[in-house]
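Asker: Residue numbers (numbering that gives the first Met the number 0), protein chains in the order written: chain S, 0 to 197; chain Y, 0 to 260; chain L, 0 to 280.
Hint data in this document are derived by calculation from the structure and do not stem from the laboratory. All of these numbers come straight from a predicted model, not from anything done at the bench. A portion of the hints provided could be inaccurate.
Computed footprint of chain S on chain Y, listed as stretches where at least three residues anywhere in the stretch have a Cβ under 8 Å from a Cβ of chain S [said to hold, decoys possible]:
(1) 42-56
(2) 109-117
Below are the SDA-like pairs computed for lysine to any residue, each with C-alpha atoms no more than 25 Å apart in a straight line [as the list claims (entries may be wrong)]:
(3) S:36 / Y:166
(4) S:7 / L:115
(5) Y:164 / Y:143
Positions of the beta carbon are idealized from the N, C-alpha and C atoms, including for glycine.
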Amino acid sequence: MSFGERLKRDFSTMTLVLIPVAIVINIVVGQIVAALKLPVFLDSIGTVLVAVLAGPWAGLVTGTLSNVIWSMVANPDAIYWTPVAAIIGLIAGLCAKYGLFREWWKVIVTGVLVSLAAAVASAFISVWLYGGITASGISFVTIYLVESGRGLIESVFAASFIVEPIDKIITCLAAWGIIKGMSLRYVSRFPRAENVSA
Amino acid sequence: MNETIGLYIDRDSPLHRLNPLTKVVFTICIVILGFISPWAWITFAIPVLILIPMSFWGQIGVPYLRALLKIVVPLALILLVMQSLFLPGETTWFRFWFLSVEYESVERSLTLVSRLVSMTASFILFLFSTHPSRLMTDLTRRGVSPIVTYLFISTIQLIPLMRTKANTIMDAQRARGLETEGNIVTRSKALMPMLAPLVFGSLVDVEERAIAIEARAFRVPGKRTHLTIVPDSQAQHLFRIALIVLTVVLIGVRLWLSLTS
Amino acid sequence: MAIIDIVDLSYTYPHTNQPALRTINLSIEEGSFVALIGANGAGKSTLCYTITGFVPHFFQGEFHGTVTIAGKDLKSSELKDMVTTASLVFQKPQNQISGTKFTVFDEVAFGLENLGVPREEMIKRIERALELTGIAHLAERSPYALSGGQQQRLAFASMLAMDTPILVLDEPTSQLDPIGSREVFEVVERLTDEGKTVIMAEHKLEWIAAFADRVVVLDEGSILLDGTPDEVLTSSLLVENDIGSTRYTSVARAAQEQALAPQNANLPISLEQAERFFKQA
């Protein structure tokens, strides 16, 4: 199947209707988690869900749009981190494509890979736009690392690398749990159902 | 329009009446100018001399100033302080306990912060004065895929619906005795009973909603027509071209300056 | 001329064991109003999906038989060919809101924009649809700010504006009160007078008795009965298979059982018939 045909199949009508639902799941879950004052974000569960069910490009679109809409309705500063959200969708989708979403321990591996990619993307944006100091909690860790003699990019990367994995692992497991909770009949309505069942 | 969509503020002002594409081009050019400007004070001048007066022209001056003070200014100040202290630099300006501020770090911070301020301020002005529906209607007429419009607008309209559902579920679960305060374990346990009904409830509807838009010929190929035409003018068209040309020229000037210095 | 011709149709949804439709043979004339009745799960919705092409093109699954809709063979067509022939309205009104429009008026326009209907024509059709469904006064309101009944009327209006030769309605009055239900049936009657073909799956038997030309009863995927309302709605098979009866029929039957009314009289399905029936008693 050519790339164009694959893309068309990935963006089936079911996918198109899933994406807004997934984005709103991102937003609402993120808010509930914040309201419960838990030390994670969990604002990409929907993105990963779409990535697994409809492929990496659909995941990328979901992450991008999710971030853009979030910055339109809540926090304009979030827009600068759109590439991070996009990469989460892309990498999760690629991992799923290569079978990393079939068993729970493989899902954890996906979580780690996704967090790595997110950390790299975050580091670049952080350094480019903020000189590495963004006034979030990660920055304090960055500062500590810089003062201890590490280079700036490495420090930012290392700082994000401490926080991200836990969040992304839980995110991927949550998405996996949701898919497991869906009937086989329903999962097979989506273009990349083969990502979850052999 | 019945409800506030995110940050949009409804007014009948010249700024609001501008064609959305004009505002898009304007915002993008301002962002680019912020990046290529060689001095931070020019970039800082953009919101002060251009954007704030425009907000008053758009009858949203007061809410705009309030938003800047709430969203932009505090972050800018924090960043200035943090970055001046911790960004690397050579020439020490003054020492403070174990911390030091260098001229270079202050300069770098001013550059970075001015960019962020200018970008965020222009983005906020755009959001305040452009209704997403008008934006998407215009872009679709100009050739942007209706799929983009669908994804964008249906998400925006879905958010308040889900929020209501989420609140209902939260209240219902609390009424059933779910503990949402306490230590982290208690709070974590509260997550699943709150999320599961919400998530599965919305996923179930996906199939029917897909059938519904298919039945309304959403995926039928061919030329589409448009009920609403967002007005545009020759003047705005020329203005957009002028802005783009100006921006390209300034990019060229900046490149030439940095190459010859 | 049969606008819908179904020959030996059997269909099974993917990942299920039981067929949803078994050897259906049904031929529907243009301009008729056919009601589909049956218990939940009998296959009414599946048949509605078939006439509109969603079975098999949206759901996939195992499809046997020949279905011809307005001259087009269903199996070899695509979904996009079918949407301009038969439009669909189903039970949950909130799921039928596109979500891309901020007013009721624009929402009705959605399908017409997709079809490329010229603007003046679009406006005419929308205004007529809103008029027919009684929601013209809600034109500027958000589709999400409507009651369930109003949303159901909106779904109906959106379908009417598409102006397809065949209209398929799956329980279109579930959220409507008796007056609202009557209005739907009256609009449908008007449409069939204009030559449209209407297939409606419904539970409200009194309205079917009053308005439908033909009643098809589905039971576990097969056609149990097929005939005029008088023939079908008085049949004892309906009672045996728990499908229900009109209140007039129930009362009359009860009267027969109590030997209060003659056993050989035709059971009534409407008020007028009931009056005549009980005059004989």
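Asker: Next, verify each hint and record whether it holds.
Answerer: Status of each hint after checking the structure:
1. With a threshold of 8 Å between beta carbons, the proposed coverage of the segment 42-56 of chain Y by chain S is violated, since 0 of its residues qualify and at least three are required.
2. Given as covered by chain S, the segment 109-117 of chain Y passes the check, having 3 residues with a CB less than 8 Å from a CB of that chain where 3 are the minimum.
3. Among the hinted pairs, residue 36 of chain S with residue 166 of chain Y is consistent with the structure: their alpha-carbon atoms are about 16 Å apart, no more than 25 Å.
4. At most 25 Å may separate the alpha-carbon atoms for a hinted pair to count; residue 7 of chain S and residue 115 of chain L meet this at roughly 22 Å.
5. For the hint linking residue 164 of chain Y to residue 143 of chain Y, the alpha-carbon distance of about 32 Å lies beyond 25 Å, and the restraint is violated.
Of the hints listed earlier, those the structure fails to meet are numbers 1, 5, in rising order.
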